[in-house]
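Same order as they appear, the protein sequences are chains A and B. One point on numbering: in the numbering used here, the residue at position 260 of the first sequence is 260, and numbering is uninterrupted. One point on numbering: in the numbering used here, the residue at position 295 of the second sequence is 1295, and numbering is uninterrupted.
Worth flagging that the hints you see were computed from the coordinates, not collected in a lab. There could be a bad hint or two in this list.
[As the list claims (entries may be wrong)] Covered stretches of chain A (in silico footprint by chain B; criterion: 3 or more residues with CB under 8 Å from a CB of chain B, positions within the stretch not fixed):
| id | region |
| --- | --- |
| 1 | 21-32 |
| 2 | 107-116 |
| 3 | 187-201 |
| 4 | 311-324 |
Glycine included, C-beta positions come from ideal geometry on N, C-alpha and C.
Protein chains: 2
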Amino acid sequence: MITPPARLQTPAAVLDVPRLERNIQRMQGRMNALGVRLRPHVKTSKCLPVIAAQIAAGATGVTVSTLGEAQRCFEHGIDDILYAVAMAPDKLPQALDLVRRGCQLGLLTDSLQGAQAISRFASEQGQAFDVWIEIDCDGHRAGLRAEDPALLAVARVIAQGRLSLAGVLTHAGSSYALSDPQALAQLAEQERLACVTAAERLRAAGLPCPDVSVGSTPTALSARELDGVTEVRAGVYAFFDLVMHNVGVCQAEELALSVLTQVIGHQPDKGWIIVDAGWMAMSRDRGTQHQQRDFGYGQVCTQAGHWIEGMQLSAANQEHGIVTLPGVSGAELASRFPLGTRLRILPNHACATGAQFPHYQAISACGEARPWSRWHGW
Amino acid sequence: MITPPARLQTPAAVLDVPRLERNIQRMQGRMNALGVRLRPHVKTSKCLPVIAAQIAAGATGVTVSTLGEAQRCFEHGIDDILYAVAMAPDKLPQALDLVRRGCQLGLLTDSLQGAQAISRFASEQGQAFDVWIEIDCDGHRAGLRAEDPALLAVARVIAQGRLSLAGVLTHAGSSYALSDPQALAQLAEQERLACVTAAERLRAAGLPCPDVSVGSTPTALSARELDGVTEVRAGVYAFFDLVMHNVGVCQAEELALSVLTQVIGHQPDKGWIIVDAGWMAMSRDRGTQHQQRDFGYGQVCTQAGHWIEGMQLSAANQEHGIVTLPGVSGAELASRFPLGTRLRILPNHACATGAQFPHYQAISACGEARPWSRWHGW
């Protein structure tokens, strides 16, 4: 069903398709120039038309954050899938089902215990699995350090029996906390170097390590070279958001996702406009809180998408948002933004805001909205 | 499909049905004792079996936060519905559809502009609507102060033409920031008094005001008397959560919702356990951050639900959570909580955590899990 945006129900997650397409081209073009494959992370969009656009632009396979995403991608013809979360042993039967149906599914581990569990299951089932080892390049989450003595032990468990050691993978998640281009380029190099070093240790020990996978949107857009890397994973680049804007890897006019809302009331004495986008629409993500600029629950724009400087969603209840614009009186706000005025709010974190909606309203270049459904749950 | 909890996929939103039932009985019993009706807010559960249990226990109608909730309740036989968010003029056709199908739907406004828009639409459509006026009792969000000169003007617009003035409604949302029983009882009285005062002003002016609706879980459980009040609205009491625990209106053993997760890795050097419940499962709600006790992203319990003192979900990425237990070494944590260990995490805010899941796993007294689906979107 095609709807003119002015008639969309509020709140709505509005996706600007021309911006989405430019963002996809930008990242793909950069990866092509750096000579690496791009394996987009579908956890941001969880939406087939977005993933299809990424693949059409040249992406090689996808990265997923849940086996539910893997299943849906596979059912829609994508068979090169990397599940980039350490494998829980009791999820192996789900993975087995996908592999037996022909999915080229990569599993991930960062421990001897994890590798042994996959190996045991593979033997019991008589089924081969591709297994990746997670490398910790910046101490922010999971993975083995490139120099960890356990790395070789884990790799040996994988390289024998029915498993194949597909490669090493890392993610410089700490890049979200940076904003200086120099520091970002350094972290991208640190990410590359940690992963390449791990791969070289394995190869020096006579172990195979065909692939070297790195990535986060900020490091992917900041890396100067990616020697030794075979593929890059990134997710939020397709939509971008205020966190990425603060990191400095996108311009305001590249932000493709926003929440369409409308004014449902005023508290002129307090300088508040009340809108129908609360945290249920925006999510509770306050990712810009500790960045160079805190955008509250989001930056307010006109319905047409023009950024209104200083106007923010300052507070959020479940279905109520409080919009403020410092320096403008409550009475003036009430007259400039009367009941029913439509606004668009740019989110802090596109992955979290998208998840609040069963579908995006994808707005084409000619201004029509089409619902693009997205996956919910695991 | 019935599943033993030990075989549930993780992450899962686990609902302890005996606790849920006791919570429902507790609030209903209290409202019966205070001589008022209870109109539960379904925005917490968005789940029919929960709502059915509330109605079976004696609730009179429901409160909704979206017209989507109203529609679903009505399609399942609930016809007394109060939409407790100020009416956006362009949502009136949706309300009209429900009213024409026989739903006794209450609409809300707090402005002359809002009342006029509803009145105009009612005249154009030749359709009566029940309209409530929102009163602001604590300055935390929307509504007119009881003494606001606009109150009578708004009421007069409603009382003429095709609309009926159904009553006045308030919500002491600031109660979430309290934790002292005395202060809570005082706020409950402030909430009651503001709403009753508004009703009396209307009646003194010769306007009808049959109903007086107040409520929030903390004030409902703290009010000493509710003279002049006809109904109470409350939502989170059905599940309770860590925010309510900090407010002091529930015990740990009353928390009915938790997230079942499992250990997927360790970083022994940092004292971290990595689990498969990140913010996608818990939500980004950090409601306890500024309360008397900050629980991070949640309090960790054993699979059986026993609170492990000091163990918290300290940090969350999309599908990764970092669990810590200060004072216990990383090596000991890795040996006490090996890969695959199942844990349950009590959420800060049940409304936000529930929304991350397409269904609850409702665990009955005999320990079986059944999926109870919940509504997503608007």
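Check: When the hints from earlier in the document are held up against this structure, which numbers fail?
Finding: 1 and 3
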